[in-house]
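*Asks:* The sequence shown begins at 1 in this note's numbering and counts up one residue at a time.
Do not take every clue at face value.
As the list claims (entries may be wrong) - Listed below are the simulated BS3-like cross-link pairs for lysine-lysine, each with C-alpha atoms no more than 27 Å apart in a straight line:
| # | residue 1 | residue 2 |
| --- | --- | --- |
| 1 | Lys138 | Lys233 |
| 2 | Lys104 | Lys222 |
| 3 | Lys7 | Lys233 |
| 4 | Lys131 | Lys222 |
| 5 | Lys219 | Lys233 |
| 6 | Lys131 | Lys7 |
| 7 | Lys138 | Lys58 |
As the list claims (entries may be wrong) - Here are the simulated distance ranges between beta carbons:
| # | residue 1 | residue 2 | range |
| --- | --- | --- | --- |
| 8 | Leu299 | Ile158 | 46 to 52 Å |
| 9 | Lys104 | Ser10 | 27 to 33 Å |
| 10 | Lys138 | Gly92 | 44 to 50 Å |
| 11 | Ser252 | Asp206 | 26 to 32 Å |
| 12 | Lys104 | Lys219 | 47 to 53 Å |
| 13 | Thr111 | Pro2 | 24 to 30 Å |
| 14 | Leu13 | His75 | 29 to 35 Å |
| 15 | Gly92 | Ser3 | 28 to 34 Å |
| 16 | Ile119 | Lys210 | 51 to 57 Å |
No lab work stands behind these hints: they were computed from the structure.
Here the structure is a predicted model, which is why all the values come from computation and not from measurement.
Just so you know, even glycine gets a beta-carbon here, dropped at the ideal spot from N, CA and C.
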Amino acid sequence: MPSYLFKRVSMALFSVLLVTSLTFSLLSLMPGNTAVVIIQEVLGGGIGYVPTASEIAKVREMYSLNEPLYLRYVHWLGNALRGNFGISYVTGMPVSDEIWTRLKTTIILATISGILTIIFATAAGLYSASKRGYVQDKVLTFFSGLFVSIPEFLLGLILMLVFSLKINLFPVSGWGSPAHMVLPALTLAMGRMAFTTRIVRASALDVMEKEYITTARAKGLKENYILTHHVLKNALIPVMPYMGLEIGSLLSGSMIVGTLFSIPGLGQLLVNSITARDMPVIQACAAVIALMYATVNILADVFTRILDPRIRFGGQK
Numbered sequence: 001m002p003s004y005l006f007k008r009v010s011m012a013l014f015s016v017l018l019v020t021s022l023t024f025s026l027l028s029l030m031p032g033n034t035a036v037v038i039i040q041e042v043l044g045g046g047i048g049y050v051p052t053a054s055e056i057a058k059v060r061e062m063y064s065l066n067e068p069l070y071l072r073y074v075h076w077l078g079n080a081l082r083g084n085f086g087i088s089y090v091t092g093m094p095v096s097d098e099i100w101t102r103l104k105t106t107i108i109l110a111t112i113s114g115i116l117t118i119i120f121a122t123a124a125g126l127y128s129a130s131k132r133g134y135v136q137d138k139v140l141t142f143f144s145g146l147f148v149s150i151p152e153f154l155l156g157l158i159l160m161l162v163f164s165l166k167i168n169l170f171p172v173s174g175w176g177s178p179a180h181m182v183l184p185a186l187t188l189a190m191g192r193m194a195f196t197t198r199i200v201r202a203s204a205l206d207v208m209e210k211e212y213i214t215t216a217r218a219k220g221l222k223e224n225y226i227l228t229h230h231v232l233k234n235a236l237i238p239v240m241p242y243m244g245l246e247i248g249s250l251l252s253g254s255m256i257v258g259t260l261f262s263i264p265g266l267g268q269l270l271v272n273s274i275t276a277r278d279m280p281v282i283q284a285c286a287a288v289i290a291l292m293y294a295t296v297n298i299l300a301d302v303f304t305r306i307l308d309p310r311i312r313f314g315g316q317k
C-alpha cells in the first residue's frame, strides 16, 4: 500500500504540474498587453487610460514580464507552494484570499451533491438489479437514461422554472440558507445519479451471477441479506473508480451551476476572472481545481483497495 500511494501521489502531482504549466502557457498567449491590463486594473489607471511607454516598461520590470516564460512559471510555482498566488488584476486583493473565500462554498455544494449521488445511485442500482425485468427495473432504467442525456444547464433551467418561478418553493439564485442549496445540488447530482445508477446495476447483475451468490441462496439466506452483505460490497469494487471520476467532475460542473444560480463559489470566480482577463485568478483556480480533482481520485483508488483485499495485498489472497 505505501508504494502504491507513493506512485499515485507522484502521478497526481505530475498531473497538477502539467495542468498549471499548460494554463500558464496558454494565458501568456492571450491577445493584449498584460502590462496595460495591470496598469488599468491594479494600479488604478482605469479602463480608458492609455499608459505611456515608460509606464509599461516599469510595470513589465516590476512584474517580471520581461523574463522568459519558464522563469515566470518557476517563480509563480514557488510562490504558489507557499500559498501566494499573486494579486488580482481586478480587485487588487491577494488571490489566495479570494480563492479560500469561494472554495468553502464550492466544497459544500460538491459534498452535498456527491453524497446524494453515492447514496441514491447505490440504492437505486442495487434495487434495479434485484428487480431485473420487472416494472421497477424498467422505470429506473428509463429515467436513468433520460437524466444522463440532459445537459446540466438545461436541467438547472427546468428545475428553476418549475420549483422557483412556478411553485415558488425554492429561491432562484444566491447562497446563504439551506433552501438555496437544494436546486444547485440537485442540478449537479441528478445526471451523475443516473449515470452511476446504471453502472451499479450492471456491476450488481454481474456479481449476482457468481457461484458464491448461488451458494448463499442455496443455504436459504434471505435475498435482502444477500444483497446487502454479499452483492453490495463486491458490486462497488469496479464502480469506485467511476464514482471518483464523477465526484471529481462535480468541481467542473460547479462552474456551470454556480454561474446559473449565481453562487459565489470557485466556478463563478473562474468565469468572472476569464471574462475580466484576470490571469492570476485564472491560474490559481486551475491549480486548485486540478489539485482537488487529483485528490478525489486518489481517495477513490485507496477506497477500492480497502474494499478488495486482492488488490490491497498485491493480488495475493
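*Asks:* Just tell me: holds or violated, for the beta carbon distance of Ser252 and Asp206 against 26 to 32 Å?
*Replies:* Cβ of Ser252 to Cβ of Asp206: about 30 Å, so the range 26 to 32 Å holds.
*Asks:* When you check the alpha-carbon spacing of Lys131 and Lys222, does it fall within 27 Å?
*Replies:* holds, 15 Å
*Asks:* Does the beta carbon distance between Lys104 and Lys219 stay inside 47 to 53 Å, or does it fall outside?
*Replies:* holds, 50 Å
*Asks:* Would the pair Lys104 and Lys222 pass a check requiring their Cα atoms to be no farther apart than 27 Å?
*Replies:* violated, 44 Å
*Asks:* Given a hinted range of 51 to 57 Å, is it respected by the beta-carbon distance of Ile119 and Lys210?
*Replies:* violated, 25 Å
*Asks:* For a C-alpha distance cap of 27 Å, please report whether Lys138 and Lys58 respect it.
*Replies:* Roughly 68 Å separates the two Cα atoms, so the pair is violated.
*Asks:* What's the verdict on Lys131 and Lys7, does the C-alpha distance respect the 27 Å limit or exceed it?
*Replies:* Outside the cut-off at roughly 41 Å; violated.
*Asks:* Next pair to validate is Lys138 with Lys233; report whether the Cα-Cα distance is within 27 Å.
*Replies:* holds, 24 Å
*Asks:* If you check the beta carbons of Leu13 and His75, does the distance land in 29 to 35 Å?
*Replies:* Check failed, 19 Å falls outside 29 to 35 Å.
*Asks:* Has the given pair, Lys7 with Lys233, been kept, meaning a C-alpha gap of at most 27 Å?
*Replies:* Holds, because 26 Å separates the two Cα atoms, which is no more than 27 Å.
*Asks:* Quick check on a hinted range of 44 to 50 Å for Lys138 and Gly92, using CB atoms only.
*Replies:* Cβ of Lys138 to Cβ of Gly92: about 58 Å, so the range 44 to 50 Å is violated.
*Asks:* Check the following: the C-beta atoms of Thr111 and Pro2 are separated by a distance inside 24 to 30 Å.
*Replies:* For Thr111 and Pro2 the Cβ distance comes to about 28 Å; the hint holds.
Consistency note: the structure conflicts with the earlier hints numbered 2, 6, 7, 8, 10, 14, 15 and 16.
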